[in-house]
Amino acid sequence: MNKWRTFPLPVLILALIGIGLLLLFTNEPRYHRRTLTSWLQQCWDAPSMETQRIAEAQAAVRAIGPKKVLPVLLKLLRFEDDPVSLWVIRTGDKLRFSDVNGGRFIRWHSAEDFWWLGERGFEMLGTNAAPAAEALGKLLDQPGRRMVVGKCLESIGKPAEPVVCQALTNQDEAVRQWAIDELAAVTDDVGLYVTRIEPRLHDSSDAVRAATVDAIGNQIDAPELAVPLLVEALKDSAASPNAAGALANFGTNALVAFPILTNLVEHGGIKLSDAALKTLTVIAPDQALPILLRRSRLPDIAMHRVAFLLLCHYPMTPPVESALQTAAADSDPVIARQARIILTEKHQKEHPLEAQFPDDPSYAGKPLGEWLKMHENNGDYPYSQAASNAIHQIGTNAIPALLRRLIYVEPPFGLPAYEVNRDAMQGFILLGDQATPALPQLKALLDGTNQNLVLLAMVSTLGTGTNAIPVLSKALTNQFAPVRDEAANSLAHSIAERFPERRQEIISLLTNLLSDSDSDVRLSVKGDLQDLNLQPLPSRK
Amino acid sequence: MKAISGLPNHVRPLVILAVVSFSILTARANPIEIPEKSVKPEICFLIGFAILFEVLCVWYILRHSLRPRFFILWLLGMHLVTYPAFLGLLWLLQAMRPAFAVAIGEGLVVVVEGLIIYGICRLTAPANSPLPRPTLAKCWLASLVGNVCSAVAFPILVAIFERFGPG
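Sequences listed follow chains R and V, in order. Its first residue numbered 0, the first sequence is counted upward by one per residue in numbering that gives the first Met the number 0. Its first residue numbered 0, the second sequence is counted upward by one per residue in numbering that gives the first Met the number 0.
Treat the hints loosely; a few may be bogus.
[Said to hold, decoys possible] Chain V stretches covered by chain R per the calculated footprint, using a threshold of three residues with CB under 8 Å from any CB of chain R:
hint	segment
1	39-48
2	80-94
3	109-116
4	151-163
[To be verified] Derived contacts from chain R toward chain V, CB cut-off under 8 Å, selection only:
hint	residue
5	Leu-11
6	Leu-13
7	Ser-37
8	Gln-40
9	Trp-43
10	Val-83
11	Ser-84
12	Val-87
13	Thr-90
14	Leu-94
15	Arg-95
16	Phe-104
17	Ile-105
18	Arg-106
Just so you know, the hints here were simulated from the structure itself, not pulled from any lab data. Don't be surprised by glycine CBs; every beta carbon is placed ideally from N, CA and C.
Sequences are here, hints too, so could you generate the full structure?
And the structure:
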């Protein structure tokens, strides 16, 4: 038993070490026996919709009080990563034992995590964290911390104004840029704000000068202050495109800049010239129109495109329409397409869709086109019961009209009319067996070169059940891979499921596609065949 | 308290202890519910080797002191308690900087393992041996050296694993 007598001393030492460590790590302020960091973590982890958990954490932080909380928050923001911690985090992550997101047994925190925990505390304290503003200002110089410290100062708001003003002259240009934007949030008086940031128009950094110009450009309530500064900034090559663009915010108040902008359009660089032209169309649209029309005829594609896109915003006057008609045949596909869309929209307004289908059959006083628009949900399928009934009643008389709608393209340039085509396809499916007489025409459409139309024609046959099999098997050899894919899918699911007695035939059709040239089709067909094999065999009668 | 003599009486508990100790090498169970892939099983080997290295260091330092039979198995068995306790401590300290948490955990492990080694040597060693009983200080030293060696070996093992291990 002597052996046991020597044990109390070591146990006592251990207990003392334990108590020492306990004291060392419990000096953090607590609320309801939980540390401040754990409350911050709760707020950080809670999704924004869990307002109760967030409010609980906020209440805890406020209850602890800024006097105790702020030193801890600043300490969190001062954390630096050390090589050992980085190694522990990296190795734990690699072995999938720990991570920094909370998905593993242990959740480590990198220095950046600690910074953002601290930021959360500042967010909760708001203006109560004002005593820490100066200390935060000093942290702005720390590498990688500008954003998080900036957020903390943002949370403090107005009391952080002196610190943000100081940051305007910080040696780091990124901090100066941040301060220009941030100062707007904490300064109430526009005049004072502009006066404060005006010296930054002469900053050594191009980016800071450009940011200053942008910030001045946002002061639309003070054109008398902003416009002269922006006009002056047009002389600064680094900030002139920003200044030219920003003048547009002031509308006719910036008319004073018209001659300079006109000059810049002609003699400025591409970026400056484009910005100036854009602003001219806003501050003096009528005077800018001849410039636009002239530039839209220039051989330079970039200039030409910008002028054309600005022209698109003008009302459809004869000179504009004439320019658009020319642009519709432009060699630049972007310009040509845009011009065609605008002219098509104009055409649609002048020629309503239904007027182009005067021979459509009617039911209960309404033409087919009207029934085809009656979806249950706005623009979504299926059709309402009344529309389904009406289309059934019209029956085979609807076929010519549906075929016309299926191949319809928007005049005058033949742009696709997806909605009309899709409604026709749905009409065919709804007709069911009654659509069988249309199968030869639909089958013929499969030889077309328009993939979308081929797909629509193929799907239109699905309502006819087994009668669709010849069309679908033809589609299995179509030139377009998506058509082959969709045909296989329709056979395997729409047809084989409804008509299990045709399953063997469908399996043999699909087997041929296993050596298709397209890997997606092969993969998809393999899946379809697997699905078919899983289906129960048809019962023998 | 007389030391247990006679091999048959010793064998059974020691075999059980050995089986339990080495089961870590083949353990695949992952009781932690996580949405992603489970802990890499290779971690068992890394930890197993690091522990074995530590045990050998402790054994080497205490080779001239009084110690029980199958001392290495006793030491391995000790890790069945101290290693999970170490992980639990890391879990408790996870809100701290990783380097601090690991340092505190390792420090406590050194102290506790030193105490356990001291207890093992005093309570289970044969009384009739001419070897001197180890002092507490020596046990702590052995524990410190063993854990330092293990802590140094672990990153090397991880590096080897990263270099030659799968994917």
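A quick look at each hint next to the structure:
Note: the segment 39-48 of chain V has 4 residues with beta-carbon separation from chain R under 8 Å; the three-residue rule is met and the coverage holds. Look at the segment 80-94 of chain V against chain R: 6 of its residues bring a Cβ nearer than 8 Å to a Cβ of that chain, three or more, so the hint holds. Given as covered by chain R, the segment 109-116 of chain V passes the check, having 3 residues with a CB less than 8 Å from a CB of that chain where 3 are the minimum. Coverage of the segment 151-163 of chain V by chain R holds. Counting CB-CB distances below 8 Å, 3 residues qualify, and the rule asks for three or more.
At a threshold of 8 Å, the smallest CB-CB gap from Leu-11(R) to chain V is about 11 Å, leaving the interface hint violated. At its closest, the beta carbon of Leu-13(R) sits 6 Å from a beta carbon of chain V; the interface hint therefore holds under the 8 Å criterion. Restraint check, Ser-37(R) versus chain V: the minimum CB separation of about 7 Å is within 8 Å; hint holds. This hint holds: Gln-40(R) has a C-beta 7 Å from the nearest C-beta of chain V, less than the 8 Å allowed.
For the restraint placing Trp-43(R) at the interface with chain V, the shortest Cβ-Cβ distance is roughly 11 Å, beyond the 8 Å limit, so the hint is violated. Interface hint at Val-83(R): satisfied, since its Cβ lies 4 Å from the closest Cβ of chain V, which is below the 8 Å cut-off. With its C-beta approaching chain V no nearer than about 4 Å, Ser-84(R) sits inside the 8 Å limit, and its interface hint holds. Taking 8 Å as the C-beta cut-off, the interface hint given for Val-87(R) holds, the closest approach to chain V being about 4 Å.
Because the closest C-beta pair between Thr-90(R) and chain V is about 6 Å apart, less than 8 Å, the hint holds. A hinted interface residue such as Leu-94(R) counts as satisfied when its beta carbon comes closer than 8 Å to some beta carbon of chain V; here the least separation is about 5 Å, so the hint holds. Restraint check, Arg-95(R) versus chain V: the minimum CB separation of about 5 Å is within 8 Å; hint holds. Annotation: interface hint on Phe-104(R) holds; nearest CB of chain V at approximately 5 Å, less than 8 Å.
Restraint check, Ile-105(R) versus chain V: the minimum CB separation of about 5 Å is within 8 Å; hint holds. Because the smallest distance between the Cβ of Arg-106(R) and any Cβ of chain V comes to about 6 Å, under 8 Å, the interface hint for this residue holds.
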